[in-house]
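Protein chains in written order, with my numbering: chain P, 1 to 136; chain H, 1001 to 1136; chain C, 2001 to 2136; chain D, 3001 to 3136.
Hints were generated in silico from the structure; no laboratory data involved. Just so it is clear, CB atoms sit at the ideal spot from N, CA and C, and this is done for glycine as well. Certain hints may be false.
What the hints assert, rightly or not - In silico contact screen, one side only, chain P against chain D (beta carbon under 8 Å); selected entries:
(1) M1
(2) R6
(3) V49
(4) V53
(5) I56
(6) R57
As the list claims (entries may be wrong) - Listed next, the stretches of chain D that the computed footprint assigns to chain C, with coverage defined by at least 3 CB atoms under 8 Å from CB atoms of chain C:
(7) 3057-3064
(8) 3073-3082
There are 4 protein chains.
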Amino acid sequence: MSRLRRMLETHPEPAGSNGDEARQCIEACAECVQTCAICADACLAEANVRELVACIRLNLDCADICHVTGLLMARPSHRDAPALRSQLQACIDICRACADECQRHADMGMEHCAVCADACRACADACARMAGALVP
Amino acid sequence: MSRLRRMLETHPEPAGSNGDEARQCIEACAECVQTCAICADACLAEANVRELVACIRLNLDCADICHVTGLLMARPSHRDAPALRSQLQACIDICRACADECQRHADMGMEHCAVCADACRACADACARMAGALVP
Amino acid sequence: MSRLRRMLETHPEPAGSNGDEARQCIEACAECVQTCAICADACLAEANVRELVACIRLNLDCADICHVTGLLMARPSHRDAPALRSQLQACIDICRACADECQRHADMGMEHCAVCADACRACADACARMAGALVP
Amino acid sequence: MSRLRRMLETHPEPAGSNGDEARQCIEACAECVQTCAICADACLAEANVRELVACIRLNLDCADICHVTGLLMARPSHRDAPALRSQLQACIDICRACADECQRHADMGMEHCAVCADACRACADACARMAGALVP
């Protein structure tokens, strides 16, 4: 069993926080932080960096938003429900925007953008499932 | 003139990003990061820490959300408008929740909570003004 | 192959950045961010929170330091070598301190602290191997 | 009196944490986060972005390192002294490297780089004074 799963299962207030949606959301956010941070750095190192500026910019916002969304999910006690919902929505918004921009460059053969677009879509989906699992 | 103002005024793409709302939003977020981080640490050092757990928790989320909101505001180029709106809403939500919880302890004489409640309210207001100034 | 590995392998400037040490360091930092964030929240939810204050505090610093260390490792181009070395050292220092404190509570039956102590030790080791692999 | 000063003065464990060095270090880190985040975005928006890639990269690392250094300074209780020293050193290292790179572009008329170089030097100085004020 992964350390993340063991942490969530031994948390003393698991109510609503140790389901598959929560764990997968935390995992998807962490992966998207990594792919977006690396994609921004890789785009900066490409010869055609001028064409990649929008991609770099969205990568930066996406990495930062995914990080804070993952932190909120990792702290299930005493949560503010409206703030969590808004934060998940911000994460869905930026992941979709970043995935679309990365995909444009992936379609022209930029491999790191292809992998990053996949991670962004997976993160948007995981956040959407998490938002759907929140008690209304 | 502050360094922040000079940075925003010399940015090559100032459209909609160097107004008073943007600068005040960035300043309010930075201050709220500081007061929430210190308030969490101060609450942890109080003898009645058990009564302050909800305050500590909201402080942690508020500091992290204010930081990323300030970063998004500090990067005006190539922004994704829906993500920015959602992020500002998350910041308004958490600042209000954190202000309310801090105020409860301020009313019982906890001075750092009083200062932090003020900073949270100021940040919520600055983010609301910023959201109102965004082109629809 | 994991997305992280594919990102590092398709980065256009892989020199010295796509080895096993780099990838394992990024992975260990990301895991330690998660376990420390959850451990802080879990400790705050325990009845004996007063005895866990030092653990919570070290968890907070450790999560934040691991995050920035992981970001530096995820951006291999144009790195400042002295800053990277100092940052890896800060990560080793805080992971060891956090592991020691968590272990004290693990020895008294606190399960989330046991898992977190393991993650902190693994992260300190991964950062030490990474520092050792840097060209002098 | 600023909110930051009031927070530090009402913290219940002020020992060694509410001096001028600590407050100025927190303030300098927060300002450097802002100038580096804006400078990276401004450089990405310049027509000669290819010549600014190293500047953008150092700005990203500098903003992130300054943020975590400011957080550590904002949480004076139960600190790990070796980790704090290493983190201050990492901040000094990256601020100096970022200032040097920004200054190169400032010398060629890039105004945002000039302001950012000033903020980076001020932050390196504040961190060095703080490190000097730590009890050995």
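Hint by hint, here is what the structure shows:
{"no.": "1", "hint": "M1", "in the structure": "violated, 29 Å"}
{"no.": "2", "hint": "R6", "in the structure": "violated, 25 Å"}
{"no.": "3", "hint": "V49", "in the structure": "holds, 6 Å"}
{"no.": "4", "hint": "V53", "in the structure": "holds, 5 Å"}
{"no.": "5", "hint": "I56", "in the structure": "holds, 6 Å"}
{"no.": "6", "hint": "R57", "in the structure": "holds, 6 Å"}
{"no.": "7", "hint": "3057-3064", "in the structure": "holds (count 5)"}
{"no.": "8", "hint": "3073-3082", "in the structure": "holds (count 6)"}
In summary, the numbered hints that this structure violates are 1 and 2.
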